[in-house]
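If you want the building blocks of each chain, they are given just below.
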Amino acid sequence: EDQVTQSPEALRLQEGESSSLNCSYTVSGLRGLFWYRQDPGKGPEFLFTLYSAGEEKEKERLKATLTKKESFLHITAPKPEDSATYLCAVHTSGNTPLVFGKGTRLSVIA
Amino acid sequence: EPEVTQTPSHQVTQMGQEVILRCVPISNHLYFYWYRQILGQKVEFLVSFYNNEISEKSEIFDDQFSVERPDGSNFTLKIRSTKLEDSAMYFCARRQGYEQYFGPGTRLTVT
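Protein sequence lines, in the order shown, are assigned to chains A and B.
Those letters in the first sequence? Residues 1 to 110, by this note's numbering.
Those letters in the second sequence? Residues 1 to 111, by this note's numbering.
Mixed in with the good hints, there may be bad ones.
[As the list claims (entries may be wrong)] Straight line, CA to CA, 25 angstroms or less: simulated PhoX-like cross-link-like pairs of lysine-lysine:
id, chain 1, residue 1, chain 2, residue 2
1, A, Lys42, B, Lys78
2, A, Lys102, B, Lys42
3, A, Lys42, B, Lys42
Read the hints as simulated data drawn from the structure, not as lab findings.
Let's have the full structure, built from the sequences with the hints guiding it.
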């Protein structure tokens with residue numbers, strides 16, 4: 001069974017304090033790993049797709065990386081508006097649906 | 001601009017009642033998904049819909065659930081007889097390549 005585990009469950013940072021969120025996965029065959037941002041009461045907002053080990057993607061203060069077993073979402077000099085839950089999901093084969101982790105709830109304090 | 005819109009944004013219903021949740025794609029795509037998220041829990045897959053047919057469904061998607069595309073555009077998710085445990089956010093998502101883009105969701109509260 002495909003599994004996605006995210007850590008930590010919650011993270012509290014001071015504004016400007018860089019950190020990383022982890023997503024480890026156990027799947028039969030990875031077709032893609034996705035990062036989403038979710039604000040309270042809203043739908044997941046697409047951030048990145050990573051397809052192969054060694055790949056990196058960047059967007060503003062966020063950078064996502066991928067290895068054969070895990071992905072990291074690095075947040076550089078975060079701001080309060082980066083506060084949200086960050087979700088990791090995997091797509092394994094064909095038309096199978098996404099399998100999500102529970103997310104990391106990030107709070108950035110000014 | 002949202003990828004899909006969903007109505008209603010919030011639905012309150014009594015246990016045993018039928019509810020219909022709607023998803024309206026912005027553009028003409030073939031592949032759609034319904035997911036749900038119980039408060040504080042993971043986003044869970046319910047059903048996928050490809051070219052006007054169910055492609056795959058999860059164990060959650062039992063006989064109480066159905067999906068339709070009644071007018072060739074809007075998608076509906078129907079729950080025939082709601083239970084307390086159906087209270088959740090329900091998301092519609094469209095697929096482009098391997099990527100999925102989610103709607104804003106419908107919050108369903110069953111009392």
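Here is how each hint holds up against the structure:
| no. | hint | in the structure |
| --- | --- | --- |
| 1 | A/Lys42 to B/Lys78 | holds, 21 angstroms |
| 2 | A/Lys102 to B/Lys42 | holds, 5 angstroms |
| 3 | A/Lys42 to B/Lys42 | holds, 14 angstroms |
Violated hints for the displayed structure: none, as all numbered hints are satisfied.
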